[in-house]
Every structure is written in C-alpha cells, then in structure tokens.
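Trainee: With these hints in hand, go ahead and build the complete structure from the sequences.
What follows is each chain in one-letter form.
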Amino acid sequence: MSKSRTLNLGTGSFVVLGFAALFFLTTQTTSHGLAVFGPPRYEITAKFDNIGDLKVGAPVSMSGVEVGRVAKIDFDSNDYKAIVLLRLNARYNKIPVDSDASIYTQGLLGGKFIGLTAGGADTYLKDKGKIDFTQSAFVLENLIGQVLANFTKSKADAQASGAADTKPEKAK
Amino acid sequence: MFAELWKTFTDALEDLGSVVHFLFRLVGNSPPALLRFNLISQQIFNSGALSLVIIMLSGLFVGMVLGLQGFQLLQRFGSGESLGTAVAIGLVKELGPVVTALLFAGRAGTALASELGLMRATDQISAMEMMAVDPIQRVVVPRFLGGVIAMPLLAAIFSVIGIYGAQLVGVQIMGVDAGSFWSQMRSAVSLTDVTEGIVKSLAFGVACSLIAVYQGYYATPTAEGVGRATTRTVVTSAVVILFLDYLITAAFL
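From first to last, the protein sequence lines stand for chains A and B. Residue 243 is where the first sequence starts when you use our numbering, and the numbers rise one by one after that. Residue 976 is where the second sequence starts when you use our numbering, and the numbers rise one by one after that.
FYI, nobody ran anything at the bench for these hints, they're computed from the structure. Check each hint, because a few of them may be wrong.
Said to hold, decoys possible - Not close to chain B: a few residues of chain A, all C-beta gaps over 10 Å, as computed:
#, residue
1, R283
2, E285
3, A360
4, Q377
5, S378
6, F393
Unchecked claim - Partial selection, computed: residues in chain A whose CB lies under 7 Å from chain B:
#, residue
7, T253
8, A263
9, F266
Backbone N, C-alpha and C define an ideal beta-carbon position, used for all residues, glycine too.
Mentor: Laid out in structure tokens, this is it:
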C-alpha cells in the first residue's frame, strides 16, 4: 500500500512539474502573458498607407512607455489602406481624439513599433475609436529610390543647364 | 542484386505496415485502458519521473553550452543582449523536443523494449493470453500511453532548465544584462514557437513509445532477440525523430 502511495506521489509530482514547465514556457518566455486573466483592454484602430514590416504583437508606445500591442492587421480593399487594431491596457484610456500614430523602427535595423503622440483635444477616444492622423512606416527602398531619382534628375538638370547655360542649380 | 534491393524495400514496407497496424490496435485499445488509470500512472512514473534526473542534467548542460556559444557568437555582432532570444527559440522549438526525445529513447525506450521482450521470451505474454487477459490492453497500451504523456512534460522541463542554464552562464558569468535577457526573449518568442515545440514533443512521444513497444512485443524470444530489439529501438527512434523533426519544422514554416 505504501509502495503504491510513493509511486502515485512520484507520478503526481512529475506531472505537476511538467505542467508547471509548460505553463512557464507559454507565459514567461513569450509576450503572451496570461491572456485569459489579462488586464481589461481598450482597443483603437488606425489606418496607414503603408505599414512596412509591422507585425502583430509589436509594441505600441507613448512617450517611450509601452502601453499596448498591435492585435490585428488587416487590409481595407475599399480605400487600399492597412487597418491596424491596437490593443491597449485600459489604464491608458485617456487618449485625445486628435492624437497621431506613427510607425517607427527600433534601433537601426530593428522591428517596427507604433508610437502614439497625444493631441491637444479635451475629448478622449472611446473604446473601438479610430485615430485619424497617421504616419506611414519609413520604407528604406522608397527612400533610396527617391535619392536616386533626385540624383539622376539633378544630374540631368546640370547637363541641361550646362548646355543651355541658364541658371546653374545645385543638387539638393 | 536488383532482387535483393527489391526484397529490402518490400521488407521495409512490410515493417512499416505492421507498425501502423500495431498503432491502430493500440489506439483502439486505449479507451478501455484509460479506465484503469493506475496502470498508466505507474508507467508515467517509470518512463517520466525516472527519466527526470538525466533530462534535467542534460538540459542544464545543453543550456549552459548554448549560453557560452551563443554569447561568443552574438558578441561578434555586438548583440550579446539577444542571447535570451537565441537560446529560448533554439531550446523551445528544436533542442528541447529533439534532445529530450533522443534521451527518452535511450532511457525509457530501451527499458520498455527489453521489458516487453523479456516478457515475450519468458512466455509471460503467452500465459496472459491463456488466462484470457489481453496482453495488449493490460501490458502494452499502458506503457505506450505512459510514454506519450511523459514525453511533452519532459521536453518542457528540459527547455525550462536549459533556459535557466543559459541564464546562469550568460547573466552570471558573461555579464549579459538580466533585464534585456528576459525582455528580448519575451518580445521575440511567440506562442506559435511554443506550440511547435509541444506538437513536436507529442509526435516524438508517440513515435518513440510506439517503436519501443513494437520492438519489444515482437522481439524474437531469445536473449539475443531481446538485445537486438533494444538496439533497434534506439536506432529506429533516433532516425524517426530526426525525420519527423524535419517534417514538423517544414509544416510550421
């Protein structure tokens, strides 16, 4: 009898240890946390022209403090914009209606995150509210494209102006 | 020569077919065996709790080595802070399930195979059949289910101990900041990574236990046959684990 008791005790402790380890892996090593018992949420949406490589789960910060995460990214096929659902902690629910959301890059080559800048209005965004002022992600390829276009254009201008001998214009 | 190759091929197919058939028999016999949970609980103890020491020790050292190697490598790119991410993803998705399964095949799989093989060799299985006790239901299924349940738990324990081992080396010895170790890990590891690890360890648990039980149950009833069954268990398990690992990784991409 006592032998089967120690055996059951051993099995029981092993199973408890194993599930504790699983629990640790799902809650402590991921940003998932205890989604079931998580803090009350406050959701707002923002439309962007281009979100770059923003991912679901990316942080949303205000003045550098993480206030929530990107919960969902969708595409609106009516106006060809990306709809980003931001899930914020309900503690931070006093966001003025004229606030703006921009997509920034963490570090030089890091992931993208959303930064909110508070506006000056006295009314606050309600749950499921929408941010009107947004600024798209900074896409490196577009920038390089612009620089190249400017460069070739100014070169062509310089040649044209050299030939016609009119006002010499410096490249920007 | 072609005839020999052909025979090897058909033999392999035949083996595979009988393993699959055996799996269906085990699954079909599982619901009644679940009612006698005492038997399963005993097997969880045998293949799970008794493997804890080797799993925890290996996990600790694998984690510590990952901490050292990862730190040396990441520091070259000036990103020693992402050690936590590298270690956690490596352990949770890949090393945890695979190394645990290989150790499990060596520690618990061989024990299962030789135990069943000896039962076969000493006619205990035939005796049960004569007493109208179904040996599959009474002996084989509890061992199989015990292994299937124990394996994911062991893999999770391995990963957790490994992460702490890496933290020990990275933070305490190499001087990575503890805050960035954990926070970078938390922001980079997603729930899918953990799910992938769990799916892998479940699949490995089924494969390892099935192979061990099959080899033991159908062992040639001689001393040599039991020895061969044990060897085959380890070899086949190792190959199947690595093959399944590739398949599941590809499926999760």
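Trainee: Hint by hint, note whether the structure agrees.
Mentor: Results of checking the hints against the structure:
1. R283: Per Cβ check, A:R283 is outside 10 Å of chain B; nearest 17 Å; holds.
2. E285: holds, 20 Å
3. A360: holds, 24 Å
4. Q377: holds, 23 Å
5. S378: It holds; A:S378 is separated from chain B by about 23 Å at its closest Cβ, greater than 10 Å.
6. F393: holds, 31 Å
7. T253: Holds, because the Cβ-Cβ distance from A:T253 to chain B comes to roughly 4 Å (cut-off 7 Å).
8. A263: holds, 4 Å
9. F266: Check passed: Cβ of A:F266 comes within 5 Å of chain B, closer than 7 Å.
The earlier numbered hints are all upheld by this structure, with none contradicted.
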